[in-house]
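Heads up: the protein sequence lines correspond to chains A and B, in order. Numbered per my numbering, the first sequence finishes at 401, counting up by one with no gaps. Numbered per my numbering, the second sequence finishes at 401, counting up by one with no gaps.
By construction, these hints were calculated from the structure, which means they are not laboratory data. For glycine and all other residues, C-beta sits at the position ideal for the given N, C-alpha and C. Keep in mind that the hints are not guaranteed to be accurate.
In the DSSO-like style, the derived pairs of lysine-lysine whose C-alpha atoms are separated by at most 27 Å in a straight line are [claimed, not checked]: (1) K400/A with K371/A; (2) K400/A with K373/A; (3) K371/B with K371/A; (4) K400/B with K400/A; (5) K373/B with K400/B; (6) K400/B with K371/B; (7) K371/A with K400/B.
Non-contacting residues of chain A with respect to chain B, defined by C-beta distances greater than 10 Å in every case (computed) [unchecked claim]: (8) T196; (9) R226; (10) D267; (11) T270; (12) F399.
Partner residues are not named here, just some residues of chain B that face chain A (Cβ under 8 Å, in silico) [what the hints assert, rightly or not]: (13) F202; (14) E209; (15) L219; (16) Q230; (17) L232; (18) W247; (19) L251; (20) T270; (21) G355; (22) L359; (23) F361.
Number of protein chains: 2
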Amino acid sequence: MTEPAPVFASGVDNERMNAQLRFLLEVDKLKRVLRQNLLVDGSRRENAAEHSWHLALAARTFAEYAPQGTDIDRVTEMLVLHDIVEIDAGDTYVFDQVNTETQAERERAAADRIFPLLPEDQAERARELWNEFEARDTPEARFARAVDRLAPMLANWHNEGGTWLRFGITRAQVMEKVKLIAEGSEALGAYATALVEDANRRGYFKG
Amino acid sequence: MTEPAPVFASGVDNERMNAQLRFLLEVDKLKRVLRQNLLVDGSRRENAAEHSWHLALAARTFAEYAPQGTDIDRVTEMLVLHDIVEIDAGDTYVFDQVNTETQAERERAAADRIFPLLPEDQAERARELWNEFEARDTPEARFARAVDRLAPMLANWHNEGGTWLRFGITRAQVMEKVKLIAEGSEALGAYATALVEDANRRGYFKG
């Protein structure tokens, strides 16, 4: 745990601000959590912090493809927060069946440790947003998840198969994830389907 | 320029979506733009994409220190977009006087190239938000800039002087930047002032 500088600012609730700083210093570690997929240019693996930034921008850029009435500010907030649990739990590759089984428990434990670094009211809100993202029972959470699933597909296409070929993933396995995209956004689902068909023609899947 | 996959999704304005995809693929390059400051743990230099993510989270966490009525969703959107011009212009170190002189022009040229990759309505909004951030003539832009200035100060403190010592920066030079923080947020300005005093006692500045 990185402790904030021991400074006293006048006119400020220092205890509260220290809790906020402790959280912000802790989450800096997300920049060191590596995902399996590469950057679009293939130069290196993506980290979870820059991935979260890219998703926030993608959600706003694709906002018109969310169901009418979807609160894009809430989607953005959710995406900025959604991967913080990976600081403790690590990134779980979406087709890794063994680790996916323990993922929910590992991530819950991480949420129990990291969000309460914040002042109580802010910790509650962060936890609520993260729970919502995980449960996918609102249009905001489903759209956030759709964007989260689409981004690595774009990277894989631009890396001539990327992690699909590297880990021997089939078209059918990827189509399972396309379903999640379509549940969040009809248009992004249609795009993802077309992308998978094109990737299949190019031999980017196993078999 | 990275071209989107040549796919045709049914029920979608493919030309518009392709423009959005071209923008999102292009801005992936921000993950490769390195800033001078290190991560909080000192392990490597920070890139501009993960920096933007951290700022979006910091702005929301510190929202209560913005002047009353500040639209934090707009601040977040601004921070997610603000560094994209660095894809062409590179990151300009805040105390680099030579490059700071040409910075505005280089960044304007980058904005002229990158934002118009988006469909026209979205390009206009992105440019407007970026102009606002640069002009600092709204509470949102001043608060966004305050958070942007504070973050590398935290990293420097945790790296025992970091870029301050490495580039021979004085306490007076840093206090110029603290002024910008105070203009965006009284409380963050008070904290930054106290942080600089503490850093000064520890010998983290030149002279």
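Original post:
Which hint numbers does the structure go against, in order from smallest to largest?
Top reply: 3, 4, 7, 8, 9, 10, 11, 14, 16, 17, 21, 22, 23
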